[in-house]
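Enquirer: Heads up: the protein sequence lines correspond to chains Z and H, in order.
With the numbering used here applied, the first sequence corresponds to residues 174 to 301, in that order.
With the numbering used here applied, the second sequence corresponds to residues 55 to 423, in that order.
Since the hints were derived computationally from the structure, they do not count as laboratory data.
Please note that a few of the clues may not be correct.
As the list claims (entries may be wrong) - Below, computed lysine-lysine pairings styled on DSS-like, alpha-carbon distance capped at 30 Å:
| hint | chain 1 | residue 1 | chain 2 | residue 2 |
| --- | --- | --- | --- | --- |
| 1 | Z | Lys225 | Z | Lys275 |
| 2 | Z | Lys182 | H | Lys75 |
| 3 | H | Lys175 | H | Lys161 |
| 4 | H | Lys260 | Z | Lys182 |
| 5 | H | Lys260 | H | Lys75 |
The primary structure of each chain is shown beneath.
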Amino acid sequence: MMSNLRYTKDHEWIRIDGDEATIGITDFAQDQLGDIVFVELPEVGRKVEKGKEAGVVESVKAASEVYAPASGEVTAVNSGLADDPARVNADAMGEGWFYKIKLADAKELGDLMDEAAYRAFTAAQDKH
Amino acid sequence: MAEEKLARTPLHALHQSLGAKLTAFAGYEMPVQYPAGIIAEHLHTRAKASLFDVSHMGQVVLAGADIAGQFERLVPADIAGLHSGRVRYTVFTNECGGIIDDLMVGKDGEALRLVVNAARKAEDLAHLRAALGAAAVTSLEDRALIALQGPAAAAVLARLARGVEAMAFMALTSIEIAGIACHVTRSGYTGEDGYEISVAGAEAEKLARRLLAEPEVAPAGLGARDTLRLEAGLCLYGNDIDESTTPIAADLAWTIPKRRRAEGGFPGATVIQRELAEGTRRRRVGIKPEGRQIARGHTPIIDTAGREIGTITSGGFSPSLEGAIAMGYVPAALSAPGTALRLSVRGAVRAAMVAALPFVPHRYHTSPR
């Protein structure tokens, strides 16, 4: 079966399920950031725009913007991250999800990377 | 991208074999963390003992006729009265009373042993040579510096060097550790009991591996070193203190004893004496931002009208308190613990409060007398 996971160059993942999608940061991103201590998520109902800032993730070392991989209205957020942001380190692709959106335009997903492309992309980054 | 040629410490191979994440720091390739991660390394230091490679720091020996008296002209501490085997924390001041660097000074017989910041080593050496003559100043380029920090540090080190457990806080001695000749001080940068061990570069890895073989000891990187020193309320040169901050504004007046306050005789003495009498416009304080969001260095401190009244100089996450902590400069009138402040964090206004330092109580060794 084809994976419904796609990735951005900014290390967000998006799991597409019909016209809904779940979004988070990748395992590569959490490993680069180190211990995550704070996550700022968009509010439910907010319309996020592809490529624009949708939140902030802070590790002990640094703060990083989280960009929306696709446009849409936020339908749910992982409120458990407020008290336990370390979930992102433990399970970035699962329990550490950030928020869900109702996709505004499925065509926007065309330029995102699939698993193999993202793996090649991070392997190249690791060399620097 | 231009590759900067980074210096390596004698423990570089050890860091790589331990799986460290290396980063550029003050011209050196240094471990920022090991696989355990910054929070785990931090908490381990507070609970047991951690080994830090701080070989990037400058080690300098000063020798010559009346070297203590000569050196005293550069710092506001009591060096003439420093006994052999004792260490003091002090600062090099400039003519305006600003801080050129902060440093540790140990008296070893008639000689002085200095440990200075890596990023200031070149400036400090030039300053020392200009004031004392090049012949009096020896930079120890071939020595490593290892910090063993935490409540178990004394018990661990005593297994390998009998007697170190009896050393007083801020004492210095020359001793063999597991048969390796070392200069040891009971001091550190974490707020915990511990030691800083100067060892020949060629023997450093052997000593570090021997210490890491003890069950209480784990390696810790510069990431944990920074969160530990911030919890302990200790200044980081270049962030919390620099040539524009005086020791009085930086809340380091405790490093200047009565005799030096009265006599002066160090660079910027008139400025510092005036500030001691009249106070300073701004002061370094502890700051507790509300919640977990970190207010990092350069975050503006604002008043209720949104005007900038100060700046965060160090800010991070406290693994011990599980929240954000910071230090910064505020107007003297707003420096009392409990004073409400506002921070402009990434465009949003956040509540904060002036907090007493240290955030986590120091647990230095106190000898029964």
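Enquirer: All hints, please: hold or fail.
Expert: Now the hints, each set against the structure:
Straight-line distance between C-alpha atoms of Z:Lys225 and Z:Lys275 comes to about 16 Å, which keeps the hinted pair within the 30 Å bound. For the hint linking Z:Lys182 to H:Lys75, the alpha-carbon distance of about 22 Å falls within 30 Å, and the restraint holds. The straight-line distance between the Cα atoms of H:Lys175 and H:Lys161 is roughly 20 Å, inside the 30 Å bound, and the hint therefore holds. Proximity of H:Lys260 to Z:Lys182 is assessed by CA-CA distance (about 43 Å); at most 30 Å being required, the pair is judged violated.
Between H:Lys260 and H:Lys75 the CA atoms are separated by roughly 21 Å; this keeps the pair inside 30 Å, and the hint holds.
In terms of the numbered hints stated before, the structure departs from hint 4 and from no other.
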